[in-house]
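Chain by chain, the residues:
There are 2 protein chains.
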Amino acid sequence: MNSKIKNDRLLRALRRQPVDATPVWVMRQAGRYLPEYRKLRKQAGSFLALCKTPDLACEITLQPLRRFDLDAAILFSDILTVPDAMGLGLQIIEKQGPHFETPVRTRADIDRLPVPDPEKDLRYVMDAIRTIKPALADAVPLIGFAGSPWTIATYMVEGGPSKEYALIKGMLYGDPESLHSLLAVVSDAVTVYLNAQISAGVNAVQIFDTWGGLLSQPAYCEFSLQYMQRIVEGLQADANGDKVPVILYSKGCGQMADRIADAGADAVGLDWTVDIGEMRRRVGARVALQGNLDPAVLYAPAEVIRREVAGVLEAFGPHNGHVFNLGHGIQPEVDPESMAVLVDAVHELSRPYHCS
Amino acid sequence: MNSKIKNDRLLRALRRQPVDATPVWVMRQAGRYLPEYRKLRKQAGSFLALCKTPDLACEITLQPLRRFDLDAAILFSDILTVPDAMGLGLQIIEKQGPHFETPVRTRADIDRLPVPDPEKDLRYVMDAIRTIKPALADAVPLIGFAGSPWTIATYMVEGGPSKEYALIKGMLYGDPESLHSLLAVVSDAVTVYLNAQISAGVNAVQIFDTWGGLLSQPAYCEFSLQYMQRIVEGLQADANGDKVPVILYSKGCGQMADRIADAGADAVGLDWTVDIGEMRRRVGARVALQGNLDPAVLYAPAEVIRREVAGVLEAFGPHNGHVFNLGHGIQPEVDPESMAVLVDAVHELSRPYHCS
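So the sequences go chain by chain: A and B.
Counting from 1, one number per residue, gives the positions in the first sequence under the working numbering.
Counting from 1, one number per residue, gives the positions in the second sequence under the working numbering.
No lab work stands behind these hints: they were computed from the structure.
Computed from a prediction, not measured in an experiment: that's the story for all the values here.
Some hints could be false.
Note: identical chains are not told apart, hence a pair may lie in one copy or across any two.
Claimed, not checked - Only pairs whose alpha carbons sit at most 35 Å apart, straight line, appear in this in silico DSBU-like list of lysine-lysine:
#: 1; residue 1: K163; residue 2: K95
#: 2; residue 1: K95; residue 2: K39
#: 3; residue 1: K95; residue 2: K42
#: 4; residue 1: K95; residue 2: K6
#: 5; residue 1: K163; residue 2: K4
#: 6; residue 1: K6; residue 2: K39
#: 7; residue 1: K243; residue 2: K95
#: 8; residue 1: K133; residue 2: K39
#: 9; residue 1: K42; residue 2: K243
#: 10; residue 1: K39; residue 2: K243
#: 11; residue 1: K243; residue 2: K6
#: 12; residue 1: K95; residue 2: K4
#: 13; residue 1: K163; residue 2: K6
#: 14; residue 1: K39; residue 2: K163
#: 15; residue 1: K163; residue 2: K42
#: 16; residue 1: K6; residue 2: K42
#: 17; residue 1: K243; residue 2: K120
#: 18; residue 1: K42; residue 2: K133
#: 19; residue 1: K243; residue 2: K163
#: 20; residue 1: K243; residue 2: K4
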C-alpha cells in the first residue's frame, strides 16, 4: 500500500504498523512563522489569493519541507473554502480573521445552500493538489483536509469569529432542526470535497473540528461527532483501491476521545491538555493517536523543547500508532529554528521506542 | 453552623449535608444581562467606578436577588482588583476588556511586587462587603471570591486579554523560576485578600481559574492547582470559628477534576463540557460539585431550559452536595426572564432528589 511513497512513516503509523521512528508533521507547518511565507503573502496581497492560486499554494505547501525533515506535507488551504464555494462570500480581514458577507441565519438561508461541485467551484484546491503531487515526487505523503461540519457551521452562522457563539448555540438549543439541516448539507459538501481531494491525489485526510470544545458532551455527539462520522463513512478509496487514512481532530474534546475513537477514523488528534499516555491506555490499539505537544513549548530554549518532546514520546510509550504533532497549530511568533529542534528531536528520541 | 443565615441551602450543599431543594446561584448573576445593572453602569461611567464604590457594589450585588429566588449573593467585584492594588494600573476598556498600564515582564518587575494590605489597598472591597452584609440581613449567604494565581498572572504578564498567551507561556517553559516567583507573591496576595473578605463577613469563597484550561496536565498541576491549594490551606475560619467553604472553579479542566477534588476545597466548579454524573461517580462524596448547565441554554425557550435543567439534576442524581450553576458566566444577551425560568426549575425539579 502506498509503496510508491518513499517516506511512508506517516501512513504506516496511521495504520498502527511498525516504523523506524515516530513520524512528525505540524498543524500550520506551512504558514506565518516562516519568513518565506510572509514574503509571498505580502506579494500576493491577501491570504485568499494564496489559497486560490495553485502555484502559490503549492510553493507554500513545500516551503516547510525544504527546511525541516518532516514526514508529511499538508495542503495549504483553509477550512472556509467550502462555505465560500456555497456562496457566503469569504473575506479574511487582517488581524480580525474570516468574515462572511452573507452569513446563514434563517431556515430559508439554509434551504438555499448548494453542495458545491469541487472540480468546478473549488477547482483551485484540486489544481493545487495536482500541482503539489508531482512537485513532491512521492517523497512524503500529502495530507488533505476539511473543517468539521460543526466548526464550519459556527463560522457560517456567526459570520466570523465569535466570543460567545450566541447565534449558533441559540440555534442549537432553540431550533435544533434547522441546525441539523445546515450540518447535513455541510456534511454532504465536505464529503464530496474530501473525495475530490482523494481523487486528485492526497494520501491521508484530516478533519479539523476547531470548535467541538464549545459543546457539552451530548451536544458534541449530536451536532459534531455524528456528522464527522457520516463523512468518514462516505469517503472513497484512492486510485489503487486503498483506504485513505482519516484523522479526526477535535480541539478541547479530550473528555470525548473514547467516543471519537469509535467514529471509524484511523487516528484521533489530541490537543495538549490530554495525557496521551492515559489516552493510549483507554483507546488501546483501536486507533492511532496524533499529538500532542503544547505549541507554546516552541517559545522555549532547545533543551526544553527536547525535554518536552521526550515527555510526549515516553507517555505514549513503545506502541505502534503515534503521529507526533503539536496539540494545535504552530504560533506565528515561533522561531523556525525551534521547529527544526522539534522535528529532529522527535526522530532521534523516538528510535528507542521502535524495533525496526 | 451559620444557623443565623435563613436560607442556608448553599452552605449545607457545600458541606454535603441534606437540603430540601438544590441551591442555585449563577456566575455573573449581578451583571450586564440586567437592565437595572446597565443603567447604573451608564450612570457611574465605568465598570471600575462600580467596583470601587461600596454603595454601588452593594446595590448591584442585591439586584438579582430582588428578581430571582437565588440561594446566594455573590460580591460584585472583579478578579483583577488584586493586581490593580499591586500597582499595575488596571483599566477596563469598553468592548476590549481589562488592560494593565504596567504589565509584569521581567524578574525585576516581579521582585518589586508588594502584597497589598486589603484593609488599606482594597478597602473598597471590604467596605462593599460590610455594606452588603447588613443589607442582605442574613437572608442568603454572601459568596466572596478571587482569581486563581495562574489566571491573575496571565493578565499581569500579557497586559490584558490575549489570543496566543505567548508571553506567559513563554515564561512558563522558558523561565519557570520567575513564573513561580510571580505565582507565589500573587498567592500570598490572594490569601490575605480572601481572609480579609472572610473577616469582613463573606460566608463562602470561590476561586476563579478562568485560564487553567490553557495548560497541559502537568503544567496545570505545577502552575495553577498547586497555588490554589496553597491558598485553600491558608484560609482562616469565620468569626464563629467555623470553616468557610471554598469552591475551586477551573474552566476547561474537566480532565483534571479528580485532582482538583483532592486539593482541599469543599466544592469543585464544573464547566458545561463535563458530564456531572460521571464526575460524581469519580469523585464520590469527597467534595460537592457545582454546575454545570451550558450558559447558551438560556437562549432557548422556557421548555428547553426546564428540560436541560432536569438533565443536569438527573445526571447528578439523588446525592447530597450539588450546587446548581451555569458552567460559566451568564452571557450579556440573555433575557432576565430566562434566568427566572432557570432558578425556579432548579428548585421545583430538584425536590424529588431530596428527602427532607
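Okay, the hints, checked on the actual structure:
| no. | hint | result |
| --- | --- | --- |
| 1 | K163 to K95 | both (15 Å within a copy, 11 Å between copies) |
| 2 | K95 to K39 | both (17 Å within a copy, 33 Å between copies) |
| 3 | K95 to K42 | both (14 Å within a copy, 30 Å between copies) |
| 4 | K95 to K6 | neither (39 Å within a copy, 53 Å between copies) |
| 5 | K163 to K4 | neither (46 Å within a copy, 42 Å between copies) |
| 6 | K6 to K39 | within (31 Å within a copy, 68 Å between copies) |
| 7 | K243 to K95 | neither (39 Å within a copy, 49 Å between copies) |
| 8 | K133 to K39 | within (23 Å within a copy, 62 Å between copies) |
| 9 | K42 to K243 | neither (39 Å within a copy, 61 Å between copies) |
| 10 | K39 to K243 | neither (38 Å within a copy, 62 Å between copies) |
| 11 | K243 to K6 | within (18 Å within a copy, 66 Å between copies) |
| 12 | K95 to K4 | neither (42 Å within a copy, 55 Å between copies) |
| 13 | K163 to K6 | neither (44 Å within a copy, 39 Å between copies) |
| 14 | K39 to K163 | both (31 Å within a copy, 24 Å between copies) |
| 15 | K163 to K42 | both (29 Å within a copy, 23 Å between copies) |
| 16 | K6 to K42 | within (34 Å within a copy, 66 Å between copies) |
| 17 | K243 to K120 | within (25 Å within a copy, 69 Å between copies) |
| 18 | K42 to K133 | within (25 Å within a copy, 60 Å between copies) |
| 19 | K243 to K163 | neither (39 Å within a copy, 38 Å between copies) |
| 20 | K243 to K4 | within (15 Å within a copy, 69 Å between copies) |
When each numbered hint is compared with the structure, violations occur for hints 4, 5, 7, 9, 10, 12, 13, 19.
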